[in-house]
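Enquirer: Spelled out from the first residue to the last, the chains are:
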Amino acid sequence: MLEPTAPPRKAPLDTRHQVETPEGIDLPLRPAGLMVRAVAFAIDLGIRGLILGVLFIALAFLGKLGMGLGSLLLFAISWWYMVLFEVLRQGRSPGKQWLGLRVVHDDGTPIGWSASLLRNLLRVVDLLPFGYCLGAISCLQYPTFKRLGDIAAGTLVVYSERPLSRPQLPEAEPRRCPVALTLSEQRAVLGFAERQAELSPARVNELAALLAQPLHISAPKAVSELNGIARGLLGPTP
Amino acid sequence: MKQSLFETRHKAEWERFALALERLEHGKDTAQVSAFPKAYRRLCQHLALAQERGYSSFLIDSLQQQVLRGHQQLYRHRSRLGAQIISFILADFPRLVREEWRFVVVASLLFFGSLIGFAVLVYLFPQLIYNLIPAEQVREMQGMYDPVAGHLGRSAERAASEDWVMFGYYVMHNIGIAFQTFASGLLMGVGSGFFLLYNGMIIGAVAGHLSEIGFGQTFWSFVIGHGSFELTAIALAGAAGLKLGWALIAPGRLTRGEALRLAAQKSVLLVCGVMLFLLIAAFIEAYWSSKTSVAPLTKYTVGAALWLAVAVYLLLAGRTHHAPE
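Going down the list, the protein sequences come from chains A and B.
The first sequence runs 1 to 238 under this note's numbering.
The second sequence runs 1001 to 1325 under this note's numbering.
Please note: incorrect hints may appear among the correct ones.
[Claimed, not checked] Only some residues are given here: those of chain A computed to face chain B with a beta carbon under 7 Å:
#1 60
#2 71
#3 110
#4 154
#5 191
#6 213
[To be verified] These stretches of chain A come out as covered by chain B in the derived footprint (C-beta under 8 Å, 3 or more residues):
#7 25 to 34
#8 40 to 50
#9 120 to 129
#10 199 to 206
Because the hints were derived from the structure by calculation, they are not lab data.
None of the values given here were measured: they were computed from a predicted structure.
The beta-carbon is built from N, C-alpha and C at its ideal position, and this holds for glycine as well.
Modelling step: build the complete structure from the supplied sequences, incorporating the hints.
Expert: Right under this line is the structure:
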């Protein structure tokens, strides 16, 4: 009888998309949903409209030559705006940058010319029959929120990572946990201590009370006991 | 090892890595770049250790972020643009067209078949044109190719600046049509098929009509030159679209999504070739086809030579294998 060497990984409840790197590390990417992408697109659309408006007014003074240049520009901006921004600015068009999004390949690498061209050419199909209907349907039913262009090009729109600030652990006397903790339990206790500042006192007490019995700690002092265990796990701070 | 000890021990290293990342992301001084892969892999090891030892979420998340950013800097899809463009034009594009000959043949049959078919039909039954194209546009078309008016295309003998206007117009209009023909292939190939038939119908009907009313000389001498590149390009764009659609209809042993992704990688190369063809076509159309000072016979000769050149290029270029550049 073969024993599985590792327990099968359970699919996470959230929408994270795990990418395994050649180093054997799992990188979580957070795909962006329909609404935020629609807003980013609207911003880009506005910017394009503005650029074209200004340029056409400027070119109107050039007469016929201006008209020729204008139609070239219209072509360039309507088909190449997204591609150029995505490739040259690490997957961010201005609208995406504004909302903290970026485009990457499925394997997490920065987007290149062919993938970007493909996903933006196929935008025409996503637009059908009107107002991004196909794109929206595809986006809503796909686990990583891909529109048709994304599926064909193998790309993903994800949230850019924001710098984290170090959370302040609440003061408590470090102590040893009365029962042996598994890794995930250990992380849960540390998470409880790290996130305490974001929670209301009532919620903190409620969560701690849940753990009082299994951890054999006194219920009224459960919060400070848990903080003590977290401090103990973390080790002495310098 | 306790987490705080782990952190204090490696803190300096992580800070150095963060600095190197910052520099790479802004494309600044990349002198220390040779040490980067090693530092990156060490960070990966730290992350794995931190996860394995159940350290706190803050530490793991911030290490993960660093690794993600490092991954973005270290791993790229290979692209050497200059050499690739040249080898694409000289060999890869015609090779790809031959490789996908099934789609190219089907698309050409649809497009040229509908073009020739409607041209003959309209020539034989002149009334038919008014069922296909609105009368107003027919009149406009007649005005453009009227041999008495002594000018060609959309405007009178033009100044250089007007050639520019038309160049811009042709590029935009034609590449727009090509993109449309390609992208609508995603609808199981139906869209591409439709646009191929439709565009063939319009062009064919106009050609048949103008020949029938005796404007043939002005019309054919105008279109034969750039037609070689332009019509071939539309057919190829359709072929690329049909390839997309076929990947959805018959994905073989792959999932539909995967088959589509693989087909799309090739199709987009075809579309790049199409854009190149259309640029050439627009150039010829704006600067050569519209010249009225050239005798029609010269135009026919040059046009035939261009058609021959396109055929020879697509059939023969890149047959010999070079060592990789």
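Enquirer: Determine for every hint whether it applies to the structure shown.
Expert: Status of the hints after comparison with the structure:
Annotation: interface hint on residue 60(A) violated; nearest CB of chain B at approximately 13 Å, more than 7 Å. For residue 71(A), the interface hint holds, since its Cβ comes within 7 Å of a Cβ in chain B; the closest pair sits about 4 Å apart. Residue-level restraint check for residue 110(A) holds (minimum Cβ-Cβ distance to chain B is 6 Å; threshold 7 Å). A distance limit of 7 Å between C-beta atoms decides the matter here; for residue 154(A) the minimum to chain B is near 5 Å, and the interface restraint holds.
The interface hint given for residue 191(A) holds, since its Cβ lies 5 Å from the closest Cβ of chain B, which is under the 7 Å cut-off. About 22 Å separates the beta-carbon of residue 213(A) from the nearest beta-carbon of chain B, more than 7 Å, and the hint is not met. Chain B is given as covering the stretch 25 to 34 of chain A, and this holds because 4 residues of the stretch bring a CB closer than 8 Å to a CB of that chain, at least three being needed. Remark: the stretch 40 to 50 of chain A is not confirmed as covered by chain B, as 0 of its residues place a Cβ nearer than 8 Å to a Cβ of that chain, below the required three.
Counting residues of the stretch 120 to 129 of chain A whose beta-carbon sits less than 8 Å from any beta-carbon of chain B gives 6, enough to reach three: the coverage restraint holds. Figure legend: the stretch 199 to 206 of chain A, annotated as covered by chain B; annotation inconsistent (0 residues with Cβ-Cβ distances under 8 Å, at least 3 required).
Violated hints for the displayed structure, listed by number in ascending order: 1, 6, 8, 10.
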